[in-house]
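Chains as they are written, first to last, in the working numbering: chain A, 1 to 319; chain B, 1 to 319; chain C, 1 to 319; chain D, 1 to 319.
Among these hints, one or two may not hold up.
Which copy? The list can't say, so a pair holds if one copy fits it or any two copies do.
Calculated lysine-lysine pairs in the BS3-like style (CA-CA distance at most 30 Å, straight line) [stated by the list, open to error]:
1. K2 / K196
2. K302 / K79
3. K2 / K303
4. K90 / K117
5. K316 / K214
6. K310 / K2
7. K31 / K316
8. K302 / K31
9. K196 / K303
10. K196 / K31
11. K316 / K50
12. K234 / K79
13. K233 / K278
14. K50 / K278
15. K278 / K90
Since the hints were made in silico from the structure, they are not lab data.
There are 4 protein chains.
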Amino acid sequence: MKRIAVLTTGGDAPGMNAAIRSVVRFATNNKVEVMGVFRGWWGLINEEMKLLDHRSVSGIINLGGTILKTMRCPEFETKEGQRRAFENLKKNCIEGLVVIGGNGSFRGAHEFYNRYKVPSIGIPASIDNDINGIETTIGSDTAINTALSAIDNIRDTATSMERIFVVEVMGRESGYIALQVALAGGCEDAIIPERKFDFEAICHDIVEGNIRGKISWIIIVAEGAGSAEEIAKKITQTTSLETRAVVLGHIQRGGRPTALSRTLALKLGQAAVDYLLKGEADKAVALSNGEITTVDLEVAIKKKRLEVDKLYHLIKILT
Amino acid sequence: MKRIAVLTTGGDAPGMNAAIRSVVRFATNNKVEVMGVFRGWWGLINEEMKLLDHRSVSGIINLGGTILKTMRCPEFETKEGQRRAFENLKKNCIEGLVVIGGNGSFRGAHEFYNRYKVPSIGIPASIDNDINGIETTIGSDTAINTALSAIDNIRDTATSMERIFVVEVMGRESGYIALQVALAGGCEDAIIPERKFDFEAICHDIVEGNIRGKISWIIIVAEGAGSAEEIAKKITQTTSLETRAVVLGHIQRGGRPTALSRTLALKLGQAAVDYLLKGEADKAVALSNGEITTVDLEVAIKKKRLEVDKLYHLIKILT
Amino acid sequence: MKRIAVLTTGGDAPGMNAAIRSVVRFATNNKVEVMGVFRGWWGLINEEMKLLDHRSVSGIINLGGTILKTMRCPEFETKEGQRRAFENLKKNCIEGLVVIGGNGSFRGAHEFYNRYKVPSIGIPASIDNDINGIETTIGSDTAINTALSAIDNIRDTATSMERIFVVEVMGRESGYIALQVALAGGCEDAIIPERKFDFEAICHDIVEGNIRGKISWIIIVAEGAGSAEEIAKKITQTTSLETRAVVLGHIQRGGRPTALSRTLALKLGQAAVDYLLKGEADKAVALSNGEITTVDLEVAIKKKRLEVDKLYHLIKILT
Amino acid sequence: MKRIAVLTTGGDAPGMNAAIRSVVRFATNNKVEVMGVFRGWWGLINEEMKLLDHRSVSGIINLGGTILKTMRCPEFETKEGQRRAFENLKKNCIEGLVVIGGNGSFRGAHEFYNRYKVPSIGIPASIDNDINGIETTIGSDTAINTALSAIDNIRDTATSMERIFVVEVMGRESGYIALQVALAGGCEDAIIPERKFDFEAICHDIVEGNIRGKISWIIIVAEGAGSAEEIAKKITQTTSLETRAVVLGHIQRGGRPTALSRTLALKLGQAAVDYLLKGEADKAVALSNGEITTVDLEVAIKKKRLEVDKLYHLIKILT
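Sequences and hints are given; from them, build the entire structure.
Okay, here's the thing in structure tokens:
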């Protein structure tokens, strides 16, 4: 291979820039040119790309977001869109693709590979850590720490004003962030998509605790499992205790990546290029027990099942 | 005076603990005992208090919230409530009061003084910086930096995904946080209670910018001037551009106080005790141009008028 | 078992408090009393301890340091010291020990077990991550992120002033922090105890880079591999380029623990009590590939060999 | 004026980039072109400059350091150097200068003005806050908060291990950072250039405290008043108590600017251009009691006298 392309798609995740840096530097050190494609698949279809060299990726290792930008691209889900993307790849002599992103990104890469056989390797980057077969995605450690820092702040008020808070964190289909944050934040409960939520029991705990003198509570809810606003309202109605809702929202997505998000990105960036040059395709790279490994994209795009019982139990024990 | 009391009321603000530390240490160094009252006025009415010594306030200078806790106390607005509070003061030989809090707290202190003439000095602590006659309140610098850090995170996504964001910050009656954050965050606009908001102009700017290639926007809205959710919806309807809402909420209230919030708290804590011992009453202490000064509580509880035009203009110029 | 003791020894590490919280809450939930011993072994010898209940460990999950304090205790290395410790254990009806700390702590625990057979379980907490057989210790993720944040700051000046910096990080016998930080910080080189350091090659790289226009450099040195001050001086002498030294020192030891340091601490705290109650002894608990496991203290106290070549190579490739 | 130049000189300070952004955007909005000069005076002498437009300064408001870079330039202190700088200004049709920097930068600007009468306005940026006649410089609030965060970390260990720490902060001729940090950090003492330092008294306090049970101490020393290493050694020798030294060094210089450093920079950037266009010269802009004002460079370069007694006294009272 003489030239490959790199792109970021789906929601941005902190560490994507570190991954881009690694892809570019490892490839160019191996005499392979790297074309940076802007705005994900859209840039492939619209031929928005430019060559990146060693210097292009200086000073980005500690920046959130992605210098290549990202957007949703329904056109790439059409045959015509994929055809134009393929033609632009040929036209620009691009022989392989590194796709940095989450579930949706991998689905696109897999379909595109099936149709046009352009070798592509995925790098898992998603704050939700919801990619099947992959322990940790780039960005999730950062998102958890950002959410945790917000929870620590809220705890100050919860304790000082003796209030109940319901805090909504990201996670449309996964309670991963919710559980991690609830545990690390010393929160009293977590409501997640993977587990039936016993509203009566929570209210009962709160009222019981209140009698014993425990007046401040923080309950984490994953966005996919309910609305903080509504749960807070229901708790107030049921317990007559003032309850506040906070929705952390997009602050969890950006920010300076943590050490772990960066080192993961750097290792996976190198591995992605390495596998591509070795002739691999249609796979995602991952770190498993400290070792680089791969997961077939076909597997990666399946729904991830999170083991929640042990972690949930620990949260409840430690409250 | 042999014994004074200190309490925190209203919403908690970062730096309240530093103020408590300063009150206790400066007073005890001057052979004056300090009674810490729990949960603000409620603790005075219900006689929940304990003596604080030098050691009681160790290790709290860098903690958000308030170790004395705080709560709303409608009972203190009644004659009966105030009578019980006064009797508990007499019973516990408390000859002066230091009241750490915001507008509502000062209103209570002023009324109580008018009725019972117990000397009291207020220390302005409020993240909203909305106390009349007072340049900066304890906690507002921290709240601004916390909100700013959130905006910096959101900017990563706004830039990477080329999106419009409407971010709601605290400020029910004041656009102070909104303006500071919009300026420091390089935001494109700020919607505040003090200024009529021209929705058409904002949408026009967005559409115009979009044509020139400017696709990411962050618009700050003070909670008292509108709902981020609704404004975002309206922008989408009017411009057809995807717009997201983020409500920062209670994360702005807690957290490790900044240097400025702490030094202000320490200076005002000393000053409050100093003025109380000198026989002053019914006043708030403040820092004005670097010098300690006082403001009559009667003045402090009036509505603060924020000069907004210059700052707002600067935000728009620099966009 | 009816009553166990918990203590922290050796250097403090962020997350120790979360571990204490977990030990106390999991044990008391299982009807086992927990005696908190102050200042490590010293407190056992001098009978400085007190019962901890559910409330004693509230509000500490996010604090650095250790509420139980820690100190070095040469007396515990003597037979007489250990005898007194044992007698105090008997006197206080303590049937098991949870020892939170690093290498030295585990050595003490192992010797004490050999002599008196009081069951003890170690919880690995050390910012250096230098305990044999154990992937990650409590506190090391926090220390790395703290050092990384300092490196990010230094990078601002290195880039703006186009200077060379040599930054000394913790690690007397291990280059773990140095390598992680050098990789995540995009640093140009790392000097570590595990690897012979070719001073000529570094100076050659610098001079070569300088000719190509690369003027800012950050070289990380583990304290066990050299002195930043001396290396900086030698670089200046050899290359005639201005070089600055920074020694991060104790700032790496404290601070709010990261999510990872906290969740690790909470899981290991539970596991330690669990194993103790099951009759295990003379072991450390650890997380291996996400699962709780144990390592014999005899093994844990051996010198850990860090695989450095792959990581070092990656640092150099990505520069 | 049709075209002005902007440059940063001296040590970098967080907020310099926000100042550059403000200068460029305010000037270009007023139809004045802005030439960005690289590496301070050196770039003027060597004609390293380029036009900056609205977009050139996007996304830099929250970055530490300076995108224009900075270096020391002894050549500018010579007549020949200044002559070349002047010729390059003429050649590039530059009619005015905005100089962002500290004392040394203002001295250069003042001399250059005296010789060639090119109008220049200084923007005070220096982490040391040591510019005469100017309340607060860009960057000093950030540096204080960075140092404070380090002190908070060190406090964790000081408390947990009951140790004495001597922490050296920046400030060659000024104890400003030292005093602010000592006060906000709850430190036990501060050693500064402006005040004779009674070593005996400190050791006496430590030994006395030790008897009362106070075992952890943090003493701040400004680099201009002594070496942390040596003071720590002397304390150990005199008191026989283990004492550690930490030198914060360059971590105080970089980092994300605080809200205050940014808003100050933005206001002063606008003011500098405004004054330049109004025909002012040989002055620095400043914020005094919230209002924009100017200080003659001749005054600004004189030694600033810091009032230290009140602040130092407060530190000691609150310990």
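Ascending list of hint numbers which this structure does not respect: When the structure is compared with the hints, numbers 1, 3, 8, 12, 13 turn out to be violated.
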